[in-house]
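Protein chains: 4
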Amino acid sequence: MPGRSCLTKTRVRFGETDAAGIVFYPTFYVWFDVGTHALLRAAAGSLTDPHGRPRWPLPIVESGARFLVPLVCDDEIVIRSTVADIGTSSLRVEHVVSRAGDEVARGFEARVFIRREGERIVSAPIPDQLRAALNEPVSTEGWA
Amino acid sequence: MPGRSCLTKTRVRFGETDAAGIVFYPTFYVWFDVGTHALLRAAAGSLTDPHGRPRWPLPIVESGARFLVPLVCDDEIVIRSTVADIGTSSLRVEHVVSRAGDEVARGFEARVFIRREGERIVSAPIPDQLRAALNEPVSTEGWA
Amino acid sequence: MPGRSCLTKTRVRFGETDAAGIVFYPTFYVWFDVGTHALLRAAAGSLTDPHGRPRWPLPIVESGARFLVPLVCDDEIVIRSTVADIGTSSLRVEHVVSRAGDEVARGFEARVFIRREGERIVSAPIPDQLRAALNEPVSTEGWA
Amino acid sequence: MPGRSCLTKTRVRFGETDAAGIVFYPTFYVWFDVGTHALLRAAAGSLTDPHGRPRWPLPIVESGARFLVPLVCDDEIVIRSTVADIGTSSLRVEHVVSRAGDEVARGFEARVFIRREGERIVSAPIPDQLRAALNEPVSTEGWA
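Chains as they are written, first to last, in this note's numbering: chain G, 1 to 144; chain H, 145 to 288; chain X, 289 to 432; chain Z, 433 to 576.
Since the hints were derived computationally from the structure, they do not count as laboratory data.
It is possible that part of the hints are untrue.
[Stated by the list, open to error] Straight line, CA to CA, 25 Å or less: simulated SDA-like cross-link-like pairs of lysine to any residue:
no., chain 1, residue 1, chain 2, residue 2
1, X, K297, Z, A576
2, G, K9, H, T284
3, X, K297, Z, V528
4, G, K9, H, A188
5, G, K9, G, I77
6, G, K9, H, S283
7, H, K153, H, E280
8, G, K9, G, G64
9, Z, K441, Z, R538
10, Z, K441, X, S427
11, H, K153, H, S242
12, G, K9, H, L151
13, H, K153, G, A144
14, X, K297, Z, E508
15, X, K297, X, T370
16, H, K153, H, E285
17, X, K297, Z, R473
18, G, K9, H, G245
19, X, K297, Z, H483
20, G, K9, H, R199
21, Z, K441, X, R368
22, H, K153, G, T48
23, Z, K441, Z, E508
24, H, K153, H, R185
25, Z, K441, X, V366
26, H, K153, G, A100
27, G, K9, G, P137
28, X, K297, X, V357
29, X, K297, Z, G574
30, Z, K441, Z, F540
31, X, K297, Z, A474
32, H, K153, H, S283
33, H, K153, H, P214
34, X, K297, X, L356
35, X, K297, X, G389
36, Z, K441, Z, V501
37, G, K9, H, K153
38, X, K297, Z, D506
39, G, K9, X, V349
40, H, K153, H, G208
Extracted from the complex, chain G is given alone in its bound form (with noise of 0.2 Å):
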């Protein structure tokens, strides 16, 4: 069942098109993080610590996407971003780019909750509260 979902609006920059003329592949999954990092900021608040530093480290295990159509510079686009799975320290995060209500692409994140042991990465479990708020089913709008 899924939870939380954000629907993120943005503009493609010229910056994130190549040579080809249309957006650069990678920015896709640009947004992926913005449209994970919105569900994160509306279930939890800040995103930071007092030195920028993530407070919520979910680093990526895995990732993928389908690409349908192609996209150009100032195109106005919706990520759809969406609580796929939770399990103890793993989240999955679905993601769909739409352009004037049609999807042009869709994706995941698999992502895992870690802390620092010194200086050794060890996963977490995820914290209740955090967990509880991905798990609700509602959906928030915001822009990027």
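With chain G's structure known, arrange chains H, X and Z on it following the hints.
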């Protein structure tokens, strides 16, 4: 006498930060470019031809910036971009980036209108209609 | 049977890291794209026409990756890119990123050869000469 | 009297171009940053602490550049970065980007050495050993 200005609202993306925990400085120039495209959009409509190429080709010849305050992930910022000077072929845009009303960086871009002659690129007069629209002392707002 | 492969050496740039202190994950796809262009260069020479446009237009239709080990600024890495499959119009490239001989990420790109018909983009057969050169089971090395 | 200099070889990546078919200009500042890190590496070894954080925190306070010739995908370039001035806390680096021996852009970065005092960032003297190594009038070469 300054011409058209645009306020563009956006939010610092996680991918725009670096391992120092703050915004990686070339990103400010990406935002300046976003601001200049917002001016062109407000002045002259669509930014691209049907192949996704720039309708108003204005490559950069000089840019510069001063950075006053570091930004962190998710900071809400405003880019104020103002047409400072228009010559026959040249366009100078000045940009101020603010957070919560406080200036955090300022800079400029000097650009030249060009056209292609076969494989050569030559400077060309800025079209009258674009010039007139960029010179209008009006201000608009948008999001990036 | 795999075809041509390329080893591309590069170094993690400071701007490729994020506030978590590690490489921002969409960068891996940037490196995959670098690897595919290294294959095209080795197979078919110049990557661009006289206007800077791609000589071999191969937009992406799908990509994906698994991330095993985080990378930090200045890590020396090798991207091994291998032609995994060539169909009439389609090209599948597999990529392995290593540091000091250890695999840190692997992924793939599925691309389609296209041509423009006026304002439309249609898939087209991969030119025979390019196909033959991509199918050659040779390996080359370079830097990015 | 200029100090240490570094030549860094790299190649224009496809993702560094934009829909105009040439390099997106903020990329030149990314290359300047690469050049400054090459200077720090040559002068002082490892760029990061065990958490991936900068060992030599030198945030930017000002930068600027002139762009003479547009670059396209796959152009082989050299970034020549030279220590132009070192004050108590300040470092000025000048950068020249060339292709086939011809200068295509030049610019500078002004940076300040900092340390953290709790949540505050304050300027701090550049460590003597780093200063001495940056002042040495030697030149090294590498790839990015």
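Need the status of pair K9(G), I77(G): alpha-carbon distance at most 25 Å? Holds, because 6 Å separates the two Cα atoms, which is no more than 25 Å.
Can you confirm whether the C-alpha distance between K9(G) and P137(G) stays at or below 25 Å? holds, 20 Å
Between K9(G) and V349(X), is the straight-line Cα distance small enough, at 25 Å or below? Since the Cα atoms of K9(G) and V349(X) sit roughly 23 Å apart, the hinted pair holds (cutoff 25 Å).
Starting from K297(X), check that the Cα of A474(Z) is at most 25 Å away, please. holds, 19 Å
Please work out if K153(H) and A100(G) have their alpha carbons no farther apart than 25 Å. holds, 21 Å
Given the hinted pair K297(X) and D506(Z), is their Cα-Cα distance within 25 Å? holds, 15 Å
Does K441(Z) pair with F540(Z) here, judged by a C-alpha cut-off of 25 Å? Judged against 25 Å, a Cα distance of about 18 Å means the pair holds.
Decide if the proposed pair is consistent with the structure: K441(Z) and E508(Z), CA atoms, cutoff 25 Å inclusive. Measuring from Cα to Cα gives roughly 7 Å; hence the hint holds.
Pair hint K297(X) and H483(Z), alpha-carbon separation not exceeding 25 Å: holds, 23 Å
25 Å Cα cutoff - pair K297(X), T370(X): holds, 15 Å
Going straight from one Cα to the other, do K297(X) and V357(X) come out at no more than 25 Å? It holds: about 18 Å lies between the C-alpha atoms, which stays within 25 Å.
25 Å Cα cutoff - pair K153(H), G208(H): holds, 21 Å
Figure legend: structure checked against the earlier numbered hints; every hint is met.
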